[in-house]
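Enquirer: Got chain A sorted already, so can you dock chain B onto it with the hints?
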Amino acid sequence: TQLLEQSPQFLSIQEGENLTVYCNSSSVFSSLQWYRQEPGEGPVLLVTVVTGGEVKKLKRLTFQFGDARKDSSLHITAAQTGDTGLYLCAPNTGNQFYFGTGTSLTVIP
Amino acid sequence: DTAVSQTPKYLVTQMGNDKSIKCEQNLGHDTMYWYKQDSKKFLKIMFSYNNKELIINETVPNRFSPKSPDKAHLNLHINSLELGDSAVYFCASSPLWSGGRTGELFFGEGSRLTVL
Numbered sequence: 001t002q003l004l005e006q007s008p009q010f011l012s013i014q015e016g017e018n019l020t021v022y023c024n025s026s027s028v029f030s031s032l033q034w035y036r037q038e039p040g041e042g043p044v045l046l047v048t049v050v051t052g053g054e055v056k057k058l059k060r061l062t063f064q065f066g067d068a069r070k071d072s073s074l075h076i077t078a079a080q081t082g083d084t085g086l087y088l089c090a091p092n093t094g095n096q097f098y099f100g101t102g103t104s105l106t107v108i109p
Numbered sequence: 001d002t003a004v005s006q007t008p009k010y011l012v013t014q015m016g017n018d019k020s021i022k023c024e025q026n027l028g029h030d031t032m033y034w035y036k037q038d039s040k041k042f043l044k045i046m047f048s049y050n051n052k053e054l055i056i057n058e059t060v061p062n063r064f065s066p067k068s069p070d071k072a073h074l075n076l077h078i079n080s081l082e083l084g085d086s087a088v089y090f091c092a093s094s095p096l097w098s099g100g101r102t103g104e105l106f107f108g109e110g111s112r113l114t115v116l
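Protein sequence lines, in the order shown, are assigned to chains A and B.
Residue 1 is where the first sequence starts when you use the numbering used here, and the numbers rise one by one after that.
Residue 1 is where the second sequence starts when you use the numbering used here, and the numbers rise one by one after that.
Pulled out of the complex, with its shape left as it was, chain A reads as follows (with noise of 0.2 Å):
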């Protein structure tokens, strides 16, 4: 099993802040997803990033894949309040799909 270190483990922040969490590993990964779980549900896929430095944008929120491919960051402009909850990495390894250890994100009205 990859270890997949997530930081912070825990973030609380004001609502218009901006914040980054990362994902850092020791191994090359072809691909890695992040995704969102929300108190009470299953994580849901936000995105893959596939090339190494690829950045992709999704409203408000902005992944980058390093260049090496082991690691990865998402940054969050403006938080909102809607943006709380549990943001976990995974890379892809096949059907093999292990998961971060997790930033768990409280976003304060």
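Source of the hints: derived by calculation from the structure; they are not laboratory data.
Here a beta-carbon is modelled for each residue, glycine too, at the ideal position from N, C-alpha and C.
Hints are supplied without guarantee of correctness; some may be wrong.
Here are the simulated DSBU-like pairs of lysine-lysine, each with C-alpha atoms no more than 35 Å apart in a straight line [what the hints assert, rightly or not]: (1) K44/B <-> K59/A; (2) K56/A <-> K44/B; (3) K52/B <-> K71/B; (4) K9/B <-> K59/A; (5) K70/A <-> K44/B; (6) K22/B <-> K44/B; (7) K19/B <-> K52/B; (8) K71/B <-> K70/A; (9) K36/B <-> K70/A; (10) K40/B <-> K19/B; (11) K41/B <-> K57/A.
Calculated from the model, a selection of chain B residues having no Cβ within reach of chain A, i.e. all distances over 12 Å [claimed, not checked]: (12) T7; (13) L11; (14) T13; (15) K19; (16) S20; (17) R63; (18) S65; (19) A72; (20) E82; (21) G84; (22) S86.
Expert: Chain B in isolation, oriented as in the chain A frame:
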């Protein structure tokens, strides 16, 4: 219609009992999974089935036995429940991986198991 559905959503039981959680997906996917999410929110894969065949079996006590009667169903049976089995169990499905294709996991809502 719910894409991946699990039952029951909540399960409270005594130590030593045997219980089952059922999962069904109507997405036509070939691969299904069971994950365990502990109190620290760490999501850990337990099992994966591809078209009724077991393809991933992580280090899980043999008290846990998955059963896939067909590719749309993957049930989880747990014998002799222990306190440490308390967690949220998630079922998921994904399309068949085929070299270079990046699949997506579709999760159920989870089954919260509490062992007293």
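Enquirer: Taking the hints in turn, state whether each one holds.
Expert: Here is what the structure says about each hint:
1. For the given pair, K44/B sits about 29 Å from K59/A by alpha-carbon distance, which is consistent with the 35 Å threshold.
2. Pair hint K56/A plus K44/B holds up; C-alpha atoms about 27 Å apart against a cutoff of 35 Å.
3. Distance restraint check for K52/B and K71/B: the Cα-Cα separation of roughly 5 Å lies within the 35 Å cut-off, and the hinted pair is therefore satisfied.
4. For the hint pairing K9/B with K59/A, the CA-to-CA distance comes to about 33 Å; that is within 35 Å, so the pair holds.
5. A C-alpha spacing of about 20 Å is found between K70/A and K44/B, which places the hinted pair at or below 35 Å, so the restraint holds.
6. Our distance criterion of 35 Å between C-alpha atoms is met by K22/B and K44/B, whose separation comes to about 18 Å.
7. Straight-line distance between C-alpha atoms of K19/B and K52/B comes to about 21 Å, which keeps the hinted pair within the 35 Å bound.
8. Taking the CA atoms of K71/B and K70/A, the gap is near 33 Å; set against the 35 Å cutoff, the hint holds.
9. As the CA atoms of K36/B and K70/A are separated by approximately 25 Å, the hinted pair is consistent with the 35 Å bound.
10. Annotation: proposed proximity of K40/B to K19/B holds, straight-line Cα distance about 23 Å (limit 35 Å).
11. With a CA separation close to 26 Å, the supplied pair K41/B and K57/A stays within the 35 Å bound.
12. The Cβ of T7/B lies farther than 12 Å from every Cβ of chain A, with a closest approach of about 14 Å, so its non-interface assignment holds.
13. No Cβ of chain A comes within 12 Å of the Cβ of L11/B; the nearest lies about 15 Å off, and the non-interface call holds.
14. Once the 12 Å rule is applied to beta carbons, T13/B is consistent with being away from chain A; the minimum gap is 20 Å.
15. Interface exclusion of K19/B from chain A stands, the closest Cβ pair being 20 Å apart, more than 12 Å.
16. Annotated as non-interface, S20/B keeps its C-beta farther than 12 Å from every C-beta of chain A; the closest such distance is 19 Å.
17. With a closest Cβ-Cβ approach of about 20 Å to chain A, R63/B is found to remain outside the 12 Å limit, as its non-interface label requires.
18. For S65/B, the requirement that its beta carbon stay farther than 12 Å from each beta carbon of chain A is met, with the minimum near 20 Å.
19. Every CB of chain A lies more than 12 Å from the CB of A72/B, the least distance being 17 Å, so the non-interface label holds.
20. No Cβ of chain A comes within 12 Å of the Cβ of E82/B; the nearest lies about 22 Å off, and the non-interface call holds.
21. Under the 12 Å C-beta cut-off, the non-interface status given to G84/B relative to chain A holds; the minimum distance is some 19 Å.
22. Listed as a non-interface residue, S86/B keeps its Cβ farther than 12 Å from every Cβ of chain A; the least gap is roughly 17 Å.
Of the numbered hints given earlier, the model fails none.
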